[in-house]
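Residue numbers (the numbering used here), protein chains in the order written: chain A, 1 to 95; chain B, 96 to 603.
Where hints are given, some of them may not hold.
[Claimed, not checked] Here are the in silico distance ranges between beta carbons for each label pair: (1) Phe532(B) x Trp81(A): 42 to 52 Å; (2) Trp81(A) x Trp470(B): 49 to 59 Å; (3) Met96(B) x Gly82(A): 50 to 60 Å; (4) Trp287(B) x Gly82(A): 41 to 51 Å; (5) Val419(B) x Gly82(A): 25 to 35 Å.
Read the hints as simulated data drawn from the structure, not as lab findings. Here a beta-carbon is modelled for each residue, glycine too, at the ideal position from N, C-alpha and C.
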Amino acid sequence: MLRFNSKKFTRQGVRIFCGFYVGYYIAAQSASILALLLPFSTVSNVVHAMLWSLAFYLTWIFLCFLTRLLKVVMVITLVVWGATYFLLNWMVKVT
Amino acid sequence: MNRLHTLTGFLAAWLLFIVFFTGTLSYFKEPITAYMLQLPNESHSQRNDLPEYAELIERMLANLTNDAPNASNWLLYMPEEIRIFAYSQYSQRSPDGNYTNYKVYFDPYTLREIKPRGDSAGGDFFYRIHYQLFAVPGMLGMKLVGILALLMLVGVISGLAIHYKKFTKLVSLLPNNGNNLPLNVHVVTAFWGLPFYIVICVSGLAALAFSFMSMPVKSAFENGVGDFFNLTNPSQLITDKRDLKHAQGATMSAILAHAQDAFDGHYIDRIIVQAPMTERSIIRFYGRPINKATHQRRVIGYELATGTQVVDSRKLAQTYPQRVMNTLIGLHTARFSDFFVKSVFALGGIFGCVLLATGSLIFIQKYNASIASPWQQRFYNATKRISIGVYLGLPIATLCYFYANRFNSASNLHQAELEQRIFYISFSCVIVFSLWFTQRFLSQVLLLLVGALAVCLPLVSATLNQVAVFQYLSPNENKHLGFYFVVVSIGIVSLYGGCRLMATQGQQ
């Protein structure tokens with residue numbers, strides 16, 4: 001039975017935001033870091049990084065929906081998002 | 096998991112149905128193109144072996160030298176088991192600055208140029224919708240399809256978690272979920288097509304990753320996706336020939352003999368000449384490994400002016416991620432497979448379409464039980480009507496596309512464009528039509544329409560073209576017989592469904 005429940009709706013929205021939206025940026029940023037770090041050719045680095053990011057993104061979505069404690073999901077998402085963002089910016093400047 | 100499954104299904108089902116439906120048709124895009132262009136194939140029924148290509152390639156190159164000396168690239172596609180003709184392709188800049196593509200077809204046995212009846216996008220039209228979603232401009236379409244593949248994968252995994260207990264009952268093909276027909280069909284198609292869905296979603300994601308997950312590409316390449324695409328697909332590169340001097344090529348026979356020796360265990364399926372008729376002309380041969388599921392081709396290139404070898408992909412070591420990516424894309428496109436294996440892939444695609452349609456029906460049933468306000472009732476009606484419109488509108492639009500091809504005059508210069516417009520218009524009309532009428536009436540009319548259009552297609556085709564059906568149903572041409580068999584079968588099932596709905600309405 002699908003009944004409208006504002007609390008559940010909000011919690012679901014947070015999971016969608018953390019899993020699908022922020023998860024995409026975390027996966028993409030960590031893949032960009034890998035593409036700059038890996039020692040292969042540029043094309044190979046990118047292919048490696050893209051495969052990694054897809055696997056990571058999928059895992060992240062499920063973790064966000066399966067973890068019971070919503071606050072833990074939110075805190076970890078924000079910390080990882082921020083960390084990958086600053087690391088990528090620093091690496092782009094260095095390389 | 097239940098909510099995640101419902102959410103992904105609701106967000107993506109309609110568009111995924113379009114992607115699955117057109118993807119299934121794309122497995123047979125070459126036969127569909129041959130059917131729509133009505134390419135004559137008298138010699139094919141006499142021989143079943145693949146011809147030696149040296150003469151054919153020389154014939155095609157001679158033709159291109161006459162017709163397209165100023166083109167930036169020449170592309171030559173060799174016949175394969177499922178592609179019974181060879182064709183060369185080139186693009187030339189028109190006075191308004193845009194590039195126009197030209198294709199010249201050849202019979203691989205008689206080496207004669209084949210004149211198609213009129214012009215048609217054929218199966219390539221479905222292929223374009225499959226990966227670009229109604230030819231949405233730029234990379235946006237590919238990004239959308241990438242997102243849809245991801246949602247499908249999430250839906251498949253969460254569905255597996257929800258329905259795994261029911262799966263155990265389904266090994267014997269005897270579902271035991273009461274009288275809920277959509278749920279039974281949904282679980283049966285999910286179970287029997289599960290490996291196919293996982294392979295197709297993962298490989299589709301990998302193939303479109305450069306557009307969907309473009310951030311690593313942008314960080315590693317100065318010009319972003321464009322540079323990455325040109326490096327991995329040199330055949331699409333447009334060469335600027337303005338500063339290059341004109342030059343004649345070396346003797347092709349020596350180059351061809353060397354290439355054929357070098358491609359032992361490979362099948363040359365594509366040849367690309369970059370900057371033809373200039374001092375920097377390079378001819379590249381693309382060899383596909385025989386009976387190997389991979390997208391990776393061996394490439395050998397020669398300078399046309401001197402005949403010296405300049406490219407050999409075997410000397411470039413491939414890393415494991417590249418091999419994984421090539422294998423995944425190879426599995427997705429199924430280019431390695433023969434006609435039978437492609438049919439099995441297509442069956443998986445049909446299962447996917449049924450899975451999505453029944454999934455929507457289950458959602459509608461569930462939602463119907465929880466309606467509490469007029470707004471929810473409106474939302475429910477709209478969802479149900481659009482679902483019927485999409486799931487029955489797409490087959491109707493596809494059949495209209497085939498009918499447009501048969502009714503179109505060969506002298507019509509914009510025939511290909513007109514066929515595509517008729518597809519879009521008929522699909523839009525069915526969606527709009529579906530919003531106005533009651534659901535039962537709508538289902539009856541659309542099912543009967545699909546049935547009538549599908550059953551009549553061979554007859555109309557025979558009447559309009561006189562010889563077309565019999566020409567394509569010659570004893571050795573089972574592929575076209577198969578095409579009509581599938582179309583007529585779908586028609587009969589739809590007619591039965593429509594009549595059954597009318598009968599049950601009468602009883603009520």
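Results of checking the hints against the structure:
{"no.": "1", "hint": "Phe532(B) x Trp81(A): 42 to 52 Å", "verdict": "holds, 48 Å"}
{"no.": "2", "hint": "Trp81(A) x Trp470(B): 49 to 59 Å", "verdict": "violated, 35 Å"}
{"no.": "3", "hint": "Met96(B) x Gly82(A): 50 to 60 Å", "verdict": "violated, 29 Å"}
{"no.": "4", "hint": "Trp287(B) x Gly82(A): 41 to 51 Å", "verdict": "holds, 45 Å"}
{"no.": "5", "hint": "Val419(B) x Gly82(A): 25 to 35 Å", "verdict": "holds, 31 Å"}
Violation of the numbered hints given earlier is confined to hints 2 and 3; the remaining hints are satisfied by the structure.
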